[in-house]
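Participant: Put together the whole structure using the sequences plus the hints.
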Amino acid sequence: MNTFKVNGIHVNDHGGKGEPLIFIHAYPLCSRMWDKQAEYFNDRFRVITYDIRGLGYSNELESYLFTMEDLVDDLENILNHMKLDKVNACGLSVGGYILLRSAERMPERFSSLILADTKAESDDHDSMLNRSAGIKKIRSGMKDEFIEAMLPKLISNEGFNNPEINNKVREMMGWMDVNGMCSVMIAIATRTNLINRLKNISIPSLVIVGKEDALTPVIHSFYLKENLRNAKYHLIKNAGHISNMEKPEEFNKALEEFLLSV
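42 is the number of the first residue of the sequence shown in this note's numbering; add one for each residue after it.
There could be a bad hint or two in this list.
As the list claims (entries may be wrong) - Here are the simulated DSSO-like cross-link-like pairs (lysine-lysine), alpha carbons at most 27 Å apart as the crow flies:
| hint | residue 1 | residue 2 |
| --- | --- | --- |
| 1 | Lys240 | Lys266 |
| 2 | Lys240 | Lys127 |
| 3 | Lys58 | Lys273 |
| 4 | Lys58 | Lys46 |
| 5 | Lys278 | Lys294 |
| 6 | Lys273 | Lys194 |
| 7 | Lys273 | Lys240 |
| 8 | Lys209 | Lys194 |
| 9 | Lys273 | Lys77 |
| 10 | Lys178 | Lys77 |
| 11 | Lys184 | Lys194 |
| 12 | Lys209 | Lys177 |
| 13 | Lys178 | Lys194 |
| 14 | Lys209 | Lys278 |
| 15 | Lys278 | Lys77 |
| 16 | Lys58 | Lys77 |
| 17 | Lys273 | Lys127 |
| 18 | Lys124 | Lys77 |
| 19 | Lys240 | Lys209 |
| 20 | Lys266 | Lys127 |
| 21 | Lys240 | Lys252 |
| 22 | Lys266 | Lys294 |
| 23 | Lys77 | Lys294 |
| 24 | Lys177 | Lys194 |
| 25 | Lys127 | Lys77 |
Claimed, not checked - Computed Cβ-Cβ distance ranges for the label pairs, DEER-style:
| hint | residue 1 | residue 2 | range |
| --- | --- | --- | --- |
| 26 | Pro204 | Ala255 | 16 to 22 Å |
| 27 | Leu301 | Glu80 | 17 to 23 Å |
| 28 | Asn241 | Glu60 | 22 to 28 Å |
| 29 | Glu60 | Leu192 | 33 to 39 Å |
| 30 | Met123 | Leu192 | 44 to 50 Å |
| 31 | Phe263 | Glu60 | 24 to 30 Å |
Calculated directly from the structure, the hints in this document are not laboratory data.
For glycine and all other residues, C-beta sits at the position ideal for the given N, C-alpha and C.
Facilitator: Here it is as structure tokens:
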């Protein structure tokens, strides 16, 4: 695996052959959440993962003031740096927010989209207040308490009782930089609402969601499927928000079937 930085963003080129397949991770995690996808797809695709701005190894920044547009810029810069004209792309949660806005802004760069456990709506009043409370908790030295409150929202009851999943997710969150965690949350809270833009996206898409997703309930994914112009839908039972980690075999098979069809 080749690792490098593009404008401070840590990128992993897993070195596989075939069409490029880039994965964009959830909050507040890092590219390691895609380990089982990278392993599964690397023999048929050129798998690329990266840590989004402020998280993981992408935490040495000149400024922690950034918006969703900067996160989209980061993806575009990675594609340009790697000389990738067109890619298959999978984004989960905030990764999906980045991907949807990227698809609106530069549709010519994508062969297909996989939108996992995500939504097109921007934050409403209550969501913004919840994010503000989370930022205040993290900044006041209560990062561990934030993590413990966040964990059961990220994974289902089944996943919570699985030590391998529980420990890996908790460890990833614990490793994150405090400033980065807060800055990404502000970027998420101030993103644009893409509800009325979905009809303009005709890129072949797979919408995939865990049935027990507490953060982006199934109704949001169904709305994506119904309003994107060319979308398929897959529901993963007994999985929460991070469906790729809880049910990697089913997640990978759904992606594989979709990618072979486009």
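Participant: Can you give the numbers of the hints that this structure goes against, from lowest to highest?
Facilitator: Hints 10, 19 and 30 contradicted; others consistent.
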